[in-house]
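Reassemble the complex: the two chains are provided individually, in unrelated frames, and hints are given to aid placement.
Going down the list, the sequences are from chains U and R. In this text, residue positions in the first sequence follow this note's numbering: the first is 1, and each later residue adds one. In this text, residue positions in the second sequence follow this note's numbering: the first is 512, and each later residue adds one.
Errors might be hidden in some of the hints.
[As the list claims (entries may be wrong)] Only pairs whose alpha carbons sit at most 30 Å apart, straight line, appear in this in silico DSS-like list of lysine-lysine:
id	chain 1	residue 1	chain 2	residue 2
1	R	Lys639	U	Lys349
2	U	Lys389	R	Lys809
3	U	Lys389	R	Lys730
4	U	Lys389	R	Lys765
5	U	Lys290	U	Lys275
6	R	Lys717	U	Lys389
7	R	Lys820	R	Lys809
8	R	Lys730	R	Lys558
9	U	Lys389	U	Lys349
10	U	Lys389	R	Lys820
Hints listed in this document are in silico derivations from the structure and should not be mistaken for laboratory results. These figures come from a predicted structure and were not determined experimentally.
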Amino acid sequence: MIISKNRGAKIIAVKISVGLKKLLLASNLGLNANHPLAGWNILTILYHDGTRGGEPITLNFLLQRYNLEYLDTDHSESPISDSVLKKILVTLSEQAQLIEVLPRKIRVRMQNGTYHVQHSYVYRITSSGIEYINMMQKVVDAESTVTANITRINEYCQLVEVLARGQLNSQTTKLYNSFQNMITAYEDVMKGMHKLDEDLDELANNLAFNHGSQIAQHLQEMLQQQALPAFNQLLNQGRLIQNLNNSATFSNDVAQSQQGSDDLDTAHAIYDTNKMMLRTQRTSRYVQRKLAQLNESFDPSSTAIDNSLDTVYLLFHTIHHAVDLLSEEYDYVQNQTVDIQQLTAQIDKLLMNYRSLSIAAPIPRHLAQDREELDSADLLDAGTMGPVKYVANARTKQSMTVQDNPELAGDGDMDSHMQDGLIEFQELVMTDEVHGIVDHDLEFKSTIARDEVARLYSATGYDHYDSFAPFGRAVKHVRAVNSGVINLHCVGEQFNVRLPSGFTIDLTEEN
Amino acid sequence: MSELHGPERLIINQLFDHGVFTRTITPAMPQSNIDAIQALQRPNVQKKINTFMHDLLGIGPENYQENLLFLFGLNQLNEDEVHVLLATLKAVINLPELQGRDRVVSVSTLIRLVHSEVIDLDEQIIYKLINEIFVERFALLVRDAPEYPVSEQVQEVEEYWDISPDFVYVAQCIVLHLQTSVSRLHLTELQRVNRVLLAHRFISSKTTPHLWSYLQANKNTIAQQWSQLQRFDLECGDDYALLLDRQRQPSTSKPFVIAVKIARSLGAGVPVEQLNRLIQRMIRQMFPDHSISISLVKQALFDYSLAVKQDGFITPTAIAQRFAVHIDEEDG
Numbered sequence: 001m002i003i004s005k006n007r008g009a010k011i012i013a014v015k016i017s018v019g020l021k022k023l024l025l026a027s028n029l030g031l032n033a034n035h036p037l038a039g040w041n042i043l044t045i046l047y048h049d050g051t052r053g054g055e056p057i058t059l060n061f062l063l064q065r066y067n068l069e070y071l072d073t074d075h076s077e078s079p080i081s082d083s084v085l086k087k088i089l090v091t092l093s094e095q096a097q098l099i100e101v102l103p104r105k106i107r108v109r110m111q112n113g114t115y116h117v118q119h120s121y122v123y124r125i126t127s128s129g130i131e132y133i134n135m136m137q138k139v140v141d142a143e144s145t146v147t148a149n150i151t152r153i154n155e156y157c158q159l160v161e162v163l164a165r166g167q168l169n170s171q172t173t174k175l176y177n178s179f180q181n182m183i184t185a186y187e188d189v190m191k192g193m194h195k196l197d198e199d200l201d202e203l204a205n206n207l208a209f210n211h212g213s214q215i216a217q218h219l220q221e222m223l224q225q226q227a228l229p230a231f232n233q234l235l236n237q238g239r240l241i242q243n244l245n246n247s248a249t250f251s252n253d254v255a256q257s258q259q260g261s262d263d264l265d266t267a268h269a270i271y272d273t274n275k276m277m278l279r280t281q282r283t284s285r286y287v288q289r290k291l292a293q294l295n296e297s298f299d300p301s302s303t304a305i306d307n308s309l310d311t312v313y314l315l316f317h318t319i320h321h322a323v324d325l326l327s328e329e330y331d332y333v334q335n336q337t338v339d340i341q342q343l344t345a346q347i348d349k350l351l352m353n354y355r356s357l358s359i360a361a362p363i364p365r366h367l368a369q370d371r372e373e374l375d376s377a378d379l380l381d382a383g384t385m386g387p388v389k390y391v392a393n394a395r396t397k398q399s400m401t402v403q404d405n406p407e408l409a410g411d412g413d414m415d416s417h418m419q420d421g422l423i424e425f426q427e428l429v430m431t432d433e434v435h436g437i438v439d440h441d442l443e444f445k446s447t448i449a450r451d452e453v454a455r456l457y458s459a460t461g462y463d464h465y466d467s468f469a470p471f472g473r474a475v476k477h478v479r480a481v482n483s484g485v486i487n488l489h490c491v492g493e494q495f496n497v498r499l500p501s502g503f504t505i506d507l508t509e510e511n
Numbered sequence: 512m513s514e515l516h517g518p519e520r521l522i523i524n525q526l527f528d529h530g531v532f533t534r535t536i537t538p539a540m541p542q543s544n545i546d547a548i549q550a551l552q553r554p555n556v557q558k559k560i561n562t563f564m565h566d567l568l569g570i571g572p573e574n575y576q577e578n579l580l581f582l583f584g585l586n587q588l589n590e591d592e593v594h595v596l597l598a599t600l601k602a603v604i605n606l607p608e609l610q611g612r613d614r615v616v617s618v619s620t621l622i623r624l625v626h627s628e629v630i631d632l633d634e635q636i637i638y639k640l641i642n643e644i645f646v647e648r649f650a651l652l653v654r655d656a657p658e659y660p661v662s663e664q665v666q667e668v669e670e671y672w673d674i675s676p677d678f679v680y681v682a683q684c685i686v687l688h689l690q691t692s693v694s695r696l697h698l699t700e701l702q703r704v705n706r707v708l709l710a711h712r713f714i715s716s717k718t719t720p721h722l723w724s725y726l727q728a729n730k731n732t733i734a735q736q737w738s739q740l741q742r743f744d745l746e747c748g749d750d751y752a753l754l755l756d757r758q759r760q761p762s763t764s765k766p767f768v769i770a771v772k773i774a775r776s777l778g779a780g781v782p783v784e785q786l787n788r789l790i791q792r793m794i795r796q797m798f799p800d801h802s803i804s805i806s807l808v809k810q811a812l813f814d815y816s817l818a819v820k821q822d823g824f825i826t827p828t829a830i831a832q833r834f835a836v837h838i839d840e841e842d843g
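Chain R with its partners taken away, still in its complex shape (with noise of 0.2 Å):
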């Protein structure tokens, strides 16, 4: 197997993060993403970027004029969230604002526009769902605000989205992927360990014991797989399998650290009803002259797979005891 380039490991990086990669460019872009867009007009580019994500994956991006789809997951958008999302769709695509150079929509008109589709829903979980959606997983929305001048007294700021000069060819590639039907795939081993690896945070020896024992037997191969795309590190450790993320900052924040030692207190689980108590005690034990949130340290349990919450307890993960909390006492 041919080695990944930097454009074919930005491409397939982006697709993991965002699901999509555009083809348009655009003058704020960083230099690599330029690279990257005019690397996968060349056949042999845009057929590495499939091989590779086939041998790891069993599937590929789906391909719309240059614009790459990537909707891999094994877990499904509800139904609230499949409405919206078609519902965007079909209000952004008739939007006259699309047909200028003037590619901005104000946030409550598109709000209101998706509304009156999915009418069962108020607005404010639209906005939280569009959000979701378009700005942070498809980033085909960005974020925007009129500019003011500094001694200009505004007192409301209207929220504006950018829409993606590709949203269009996006919104086509997506109806294309619902209307096919999925035909069942024949999957390696390999390609299940790895499958389960990228869309979850880990693999445990208690959950799934016959991926566990083939990934122990081959983590080596494994390893080297995902080494390619400069960015995933596999770790294995006596009960977990987890693919760690270079390009994220660990967390230092004092929820992470709370939240990491209660999931080690957990032992065999706790009750639901006693998570709340547990938290504060241990905030009060930990950081007795900080206010901290409950509902942060909480977050921060569930965020970053420390526990579970399983028949109305809450039990720790296979990860929780990759992490030890030493606390600095020092004043300083």
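Chain U on its own, in the form it takes in the complex (with noise of 0.2 Å):
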């Protein structure tokens, strides 16, 4: 039972810093377009607020305290109404599980002074919450944070001997908690080595701008001294984490030995056995978890190296990268005979008095050969052969304008003219509905049947007559005939169309 308090006790916000808030609002906690902050402001309450207020938050609390005290005013977030954090507070506790709901008998004191008790819903973070909370804050300072240190490695390596020595105990919390910072300390290795593959990356740049070899070789030194020798003892380690994965007793101890003799979880002190039990058995899942998965970090089977996340061959790859491309800068160094940084060095000194230098300029091309007679004895005595004779050709190219061009015909009226060269088609060529034949010169007054009547005389080059359709009609044959040469003109034209020969036609029979 809690006991609501005067609610005029004064609590402070805390302020999200930038970094943080550009973070939550990419990752939008709560599934709210309107309060994308609502997910991670309502974690803080139930972690900050709520231990010091003594209040039960109840929905109402976190109502009144979101929208007094966590609007968001750099995007003018309007209050937020009981419905709309109602579902937030759902996203939270059913499906991010950062929070959990626990009914609870509230006494609530009446103005006649006595208390009435009634029933509510109050809120609290869970311990995923809280870790939430800080982790998201590490991601933010991760940049900072995060290094590659061989003393990290090397306190890893020693957390890992001493639990595998098996000198710890269960009955305190010191088996627990040296399991849990070999944990940490493997994670943080991790991290630092995938920052270190990052950098590599940028390093590679600068050694192909600064062909610094001093770099190079520090770097070489490093890797080495300290890389190699790190990532040999964590290979090392690897058989005592699978020794530490196959023991059948090691998880279950370090379970216990989270709730030893000086564990303060208040299940402990009230010794509520069931609490007690469930909390040994989820660590002991935790543990085994754990184990597996640091064991498959060390399992150098190509599988086990794609599906681990944090492989220990990815410091070796690392490392690797780093060789080859320090052996690669050494060959090109190697290669270069001459070294561009003193050399770099000699022109600057140049450059500097660059106007008293004198570098002889380019010799000039001679005259060409133009002299016929190759006998060079001759040539000695230039005097006597005169002049060589060049020829100038005084010749102008004719150059084409606009005006050049040939008359364009005009477009005129098709329709017409269509009908008008038809009917001419018909009187000089067809003799009845089907049958035509071209045998004499002819004169058109149409352009268009002179046009179809030369079209039609290349169809006797073929036996298919698809494309030939003279005025919409199929052609069936054409064939040509012993004529000789066939003259057609046209009227207005200072010109012929001349055929080698005339020809027959046969168009099929329109249904």
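Here's what the structure looks like:
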């Protein structure tokens, strides 16, 4: 039972830092577009305000706190309604499991001086929620906190050895703490290695720009004398991890140790055996899972390397990549018998007094050998040969202009022309509905009819007539006749179209 | 003296043309060049080249790991040219592009780098000078452009330069050359004449009378010496001598023909300010139907050493009279 107190107690709201805010806006905890920070702010209220006020954190309390202190002024967030907040809380509790909801009895003090007891739901942050809040903060600060250092690797190795030796018993929480430390140390090492991997990529660029044999040498030393031994050390721990993983009792011991004599858990204090049992089982599973994960990191099989998020061989790959890079650089330096830095320095020196330097101008191109006589002895007495004659051609090139284009035929009224053409074609060529013959010179008035006749002549060279259709009629047969050259002339034109011979034409009957 | 062989001639001729001969074999190289590079690895070939050039001119090429440098000329580059040359050397050898297999640099990048060193020249002049020195003279940079698929529409094509794989060696060689102080050479008369013949278009009896008389007396020896390169023929006129280059094509361009005609009509010389009018009149007279740029004619006049500018006058040179122009009026 929790007793409601005076609401006037002042609690200072937590300000979100800029970097964190950006991250949260991007991840939108609580899935509400209008209140993107609501999820985070609720966690904060539960984590921070809840522990100080001593007030039951009901929906109402959250609503008030939120609208009073946590609205995002930068994005002019409007006050949240209780139904919206409820939805967000459901997401947080059921989906994300960052908070939990518990039914509680609440005593409310009435004006008449008595207390009224009512049922309500109170909200509480879970361990995941606490971890989430801290973790997100870490994500933002990672650039300065994630480092690869040898000391951390050593710490990790020592912890593994301590655990493997089995000296710690489950009486106190020391075993559990050591295990936990070992896991975080390993995670730190891996995070550091990921970062080193990224950094080396950048370094590759720098090496390329500076030809920095000194930087390269330093890096080489670092890798050879520190990173590689550390890698070997890590690799040697693989067996110990494997032993721990295979041990039947270890995970249980750790779980027991968590609730050792110096445990501060409240369930421990009141000997809530059910809860303690539950906790032991949960921790035991956690230890097993972590150990399996760790063991996988040391598994040299390719599937394990592919599947594991943090394999120790990643570290090897990183070192290997760096060594490759350095050998390339070394090769380049070896290949280059000219020391660029020294040469640059020399050029810089010359540049300082470039005004006093003399560099020969190029040799001019000599005159071309233009003598036709190639007897070199004659050339030595060129005075007797007279000058070389060059012929200048005064011809003007005729250049064409727009005016030189032939006149374009006007488009005219095609339809009536077509009709005229058809009539003329029927008169001049066709003998009946389907037969026609061209066997003498023809005088046209319509260019369309003339063009059709000329086009039909070319059909004499084909057996298939699909491409020919005089005035839309299908052609059945076209055959050349021996009539000699046929001239086709159109009124007003100064030329004839000349066909090598005449031809007969059969059109398919129209149905 | 033993005869020069093909590879040796090729190397010397290339030194005359470009001032450098580099040792890296590239896939695009003609076989004769590859042969020359391989021949240069033999000490007796190097010795023969050195001997020939020393006999001819009194100096030989400088050698840096079989990369040859031959900086010879009687005129000097001006301050700006030297400045750009050094700044370009420095910029190129420090390019990150030089490290990988990709030896291509964008023209604008390089010009910007050089400009940061040579701040008193604008970028266009820098481009022109780099082009003259490194693309045309030394051929250490080769013009390049990205290859685009035909269909792709490209608004702006960026220019690139391919950097010679031996750039660094030549740079080192040039720096070493500049660091050594020039000791006075003791030259024979023969070497003096040859130097002038190579470094200038011609020798004239008027401008260098003492060399002229020596040349007149020894023209057979000199001609024989040059003939070993199978490239230069010595032509000796009444008052001039010059080397004719068999590797060049005679010009038949109209500006050149007009320039010859102008040079022959200059007489004792005309004032500079009358030149343009003279050229204009000549163009109208010779090619009435053509539009020919005056500046092209003027350029041909000086490029072919047909005339010189002196004290405000344009005077014809000794070789102007060795050309004659016949105009083919026929239409066809």
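Here is how each hint holds up against the structure:
1. R:Lys639 to U:Lys349: 25 Å, holds
2. U:Lys389 to R:Lys809: Holds, at roughly 20 Å.
3. U:Lys389 to R:Lys730: At roughly 25 Å apart (the allowed maximum being 30 Å), R:Lys730 and U:Lys389 satisfy the hint.
4. U:Lys389 to R:Lys765: Status holds; Cα separation ~14 Å.
5. U:Lys290 to U:Lys275: 22 Å, holds
6. R:Lys717 to U:Lys389: Measuring from Cα to Cα gives roughly 25 Å; hence the hint holds.
7. R:Lys820 to R:Lys809: Answer holds: R:Lys820 to R:Lys809 is near 11 Å, not above 30 Å.
8. R:Lys730 to R:Lys558: 26 Å, holds
9. U:Lys389 to U:Lys349: 53 Å, violated
10. U:Lys389 to R:Lys820: 25 Å, holds
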